[in-house]
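Required output: the full structure, derived from the provided sequences and hints.
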Amino acid sequence: MRFERRERPSRALSVLAPLGAIVAALLVAGVLIAIAGANPLTAYALILDGAFGSRLGFSETLTRTTPLILTGLAAAVAFRARVWNIGGEGQFYLGALAVAAIGMVPALAGLPSPLAILVCAAAGAAAGMVLLLVPLGLRLRFGVDEVVTTLLLNFVAVLFVSLMIEGPMKDPLAFGWPQSVPIPDNAILPTLMDRTRLHAGLLIALALAVAVWWVQARSVFGLGARAAGLSPRAAAFAGVPLARTLLLVGCLSGGLAGLAGAVEVMGVKAYVTTDLSPNYGYSGIVIAMLANLNPLGVIAAALFSAVMFVGADSMSRALSIPSYIADVTVALSLLTMLVAIFLTQYRIRR
Amino acid sequence: MTRVLELRGITKRFGAVTANEDVSLHLDQGEIVALLGENGAGKTTLMSILFGHYTADAGTVRVDGAELPPGRSRAAIQAGVGMVHQHFALAPNLSVLDNIVTGTEPLWRPVSRRSAARAKLAGLMDRFGLTVDPDSLVADLSVGECQRVEILKALYNDARILILDEPTAVLTTQEAERLFATLREMTGQGLSLIFISHKLNEVMAAADRVVVLRGGRVVAERATEATSKDELAELMVGRRVERPRRPPATPGPVVLEARDLRLSGRGGASLNGVSFALRSGETLGIIGVSGNGQTTLAGLVSGLYAPDSGALLVKGREITRHAVPDAIAAGIGRIPEDRHAEGAIGDLSLWENAVLERIWSPEFSRRGLVRRRAARAATAEIIRGYDVRGAGVDSRIRLLSGGNMQKLILGRALSADPDILVAAQPSRGLDEGAIAAVHARLLEARARGAGVLLISEDLDEVLALSDRVRAIVGGRLSPAIPSDDADARRLGLMMAGDWAAAGEDAHAV
Chain A
1 MRFERRERPS RALSVLAPLG AIVAALLVAG VLIAIAGANP LTAYALILDG AFGSRLGFSE
61 TLTRTTPLIL TGLAAAVAFR ARVWNIGGEG QFYLGALAVA AIGMVPALAG LPSPLAILVC
121 AAAGAAAGMV LLLVPLGLRL RFGVDEVVTT LLLNFVAVLF VSLMIEGPMK DPLAFGWPQS
181 VPIPDNAILP TLMDRTRLHA GLLIALALAV AVWWVQARSV FGLGARAAGL SPRAAAFAGV
241 PLARTLLLVG CLSGGLAGLA GAVEVMGVKA YVTTDLSPNY GYSGIVIAML ANLNPLGVIA
301 AALFSAVMFV GADSMSRALS IPSYIADVTV ALSLLTMLVA IFLTQYRIRR
Chain B
1001 MTRVLELRGI TKRFGAVTAN EDVSLHLDQG EIVALLGENG AGKTTLMSIL FGHYTADAGT
1061 VRVDGAELPP GRSRAAIQAG VGMVHQHFAL APNLSVLDNI VTGTEPLWRP VSRRSAARAK
1121 LAGLMDRFGL TVDPDSLVAD LSVGECQRVE ILKALYNDAR ILILDEPTAV LTTQEAERLF
1181 ATLREMTGQG LSLIFISHKL NEVMAAADRV VVLRGGRVVA ERATEATSKD ELAELMVGRR
1241 VERPRRPPAT PGPVVLEARD LRLSGRGGAS LNGVSFALRS GETLGIIGVS GNGQTTLAGL
1301 VSGLYAPDSG ALLVKGREIT RHAVPDAIAA GIGRIPEDRH AEGAIGDLSL WENAVLERIW
1361 SPEFSRRGLV RRRAARAATA EIIRGYDVRG AGVDSRIRLL SGGNMQKLIL GRALSADPDI
1421 LVAAQPSRGL DEGAIAAVHA RLLEARARGA GVLLISEDLD EVLALSDRVR AIVGGRLSPA
1481 IPSDDADARR LGLMMAGDWA AAGEDAHAV
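So the protein sequences, as listed, match chains A and B. Going by my numbering, the first sequence opens with residue 1, and the numbers climb by one from there. Going by my numbering, the second sequence opens with residue 1001, and the numbers climb by one from there.
Just so you know, these hints were derived from the structure itself, not from any lab. We treat Cβ as the ideally placed atom computed from N, Cα and C, and that holds for glycine. Just to be clear, a hint being listed does not mean it is correct.
Beta-carbon label-pair distances, calculated as ranges [as the list claims (entries may be wrong)]:
1. B:Trp1108 x A:Ala45: 30 to 38 Å
2. A:Val130 x B:Ala1306: 29 to 37 Å
3. A:Leu163 x B:Ala1089: 49 to 57 Å
4. B:Gly1071 x A:Leu19: 30 to 38 Å
5. A:Tyr324 x B:Ser1136: 49 to 57 Å
See the structure below:
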């Protein structure tokens, strides 16, 4: 058996591949559900019902989709230019912490709400940028592998957040729990549905996904970033300013991940804890890969991931199947997606 | 003579494309057969079938009269067939000895029998005059040495039939000559060889017999002494191909002047004081053994590097910012040395590749956005004007053959009507038809009044296209000689750095 490169990968195939991958992942996960003693079809029906079947489930699914779109975009834009930003988790937390810090400034409460939200969003994005620009600068200047530095900075960032919310930023009214002082009400994002947690961050995330897609497809910067990712040598020969392009990619990627943290604080919690993110930063990497790095695909992949997590919670209550099946399914879908992407580019020959 | 190898009726299709159709050929012991054909004629497919990488749709392969099972490389190796690939399959982080022994020992043997391997290898080196230090890392070897390791690897597996795929593609002239001497030595000792090539010179020089492949079929078979280069060229291409001739030059004012350019540490070999002047309407050829600074010089003029000292003047004005957009804006068109690594980005479309180097111009972008319609139209124009075949404006450029990719790169550089054209190895790896097309374009640019800086290792090309020739040696340029006075001996002396002997009547410019 051997693999032969497809000279002309078909368009239909690249659309069908992610769907096939998800179906394959669900089939494999179905076997695991059956081993755990439940009917896989019932389980999947319950997952769908949990994610969409009620007003609360539906709103929770979309609330969970929001940060995943943003961290997914952060990974997708970076990976397109072969900047391996594995630090989405740390950038998410630093973005969240920046919002909490700005929230402690008394002047913020005096601003009109849209302006306060804008200031907080900008602070969160800037914090994420800074956390990525450091390792990226080290790579461009000294050739330090950013996979290692961005990954390890995640732990530094989370511990730094922990230090701050146990210390100078600790909320004195939280009965001793380690959490930051809540941000003022005028910096809270408006809700989209009454009596749910669904907030306007979803609209921001959707708009940014479209904007990122448009920039990548249509702008000079997007073309340069793709060229730099595919072949740095040829891009340099064509005059693409490599360092500047990659730094801009870093700003975009770190900014999106930081914004994800900021939006989560402004939309859901109003304060920072060390369990603010159930691995949103890492999930972003999976989502970007599931989406084949396409910014619009990120929306669908983030939704799929959110459905699995929200749905699995209620399914596990009904069937007493561990809700870890959501993690397993999403992880499996990443593996099947990698195989599917490979098969869109190669064919199997005997 | 014993027949060691026979291919009979080999047919191989890939989808709708027929790569080989009813191909038969044979090889006798002690013989060198050249498999001649243009890129895409089916040479490599045929050899891959022989070596078991592909399975033929029809036909048989026999080694020493015994049929080989299809699709099994191991069977081919055991039958004594060795293959030396065009792109070396060596691990750069391992030593020569490790590279050669790897794969020859069973995995479950606890200790590698190194001293026996070393002795066998030493014996092979001695027998065929292929010397390489077995303990040096492959990463430290020159290209010629890597090829010797590849050949030794095949010989170590007791190959008696050796297939060499475009063995000279990456070699300098001297290394190629040395290789052919080695091949003779090997046939003298009873080995039989097939080498794949599209270069007429080396086929005539090295082979006993030539099999010409065109469009997947054998179109002719000739004994080398009973044929000529012209006949082979015609058989290979299917029509009479002549490289265009150079009309007399009408040099104008100086368009590009280099004054004592020095550069070290970037772009490969250093430049140690390069000065030259290039006039409008003339071609200055720069020859040299690779690694003497020609890549650096091409990169510097192309805007990739700034010199440490010295000046580069375009039409009398000094270039102060050494960057690609500035070079292009100053009127410099650029043909890179390595079209796959520098000239094109395989997974981008033709139009993206065609406009990327001028994306900053108002023609192709406005307010940071790509003007896609204009870019596509300009690319379609290049495709039409330069006869680029094999893919459309929106296809990925990796679908193009080398010759068509080079035509697109030429079109991209020339469509801006540059005053200066830097062409580095413009026909490397191209077949006869494509070379003729590239040469015609370079002469056309010169006739239009561009100054052409031609940097090439192919002496025939330099003599055919250049008005004056200089050699680059150790980062310095020899005095120029008119190409009409040049002959192989004189150019050889120039490239060796013996400028006094080469230029009794040379005049510096």
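Quick rundown of the hints versus the structure:
1. B:Trp1108 x A:Ala45: 30 to 38 Å: 51 Å, violated
2. A:Val130 x B:Ala1306: 29 to 37 Å: 31 Å, holds
3. A:Leu163 x B:Ala1089: 49 to 57 Å: For alanine 1089 of chain B against leucine 163 of chain A, whose Cβ atoms are near 53 Å apart, the range 49 to 57 Å holds.
4. B:Gly1071 x A:Leu19: 30 to 38 Å: With Cβ atoms ~34 Å apart, the hint holds.
5. A:Tyr324 x B:Ser1136: 49 to 57 Å: The hinted range 49 to 57 Å holds for tyrosine 324 of chain A and serine 1136 of chain B, with Cβ atoms some 53 Å apart.
The structure fails hint 1 only (numbered hints given earlier).
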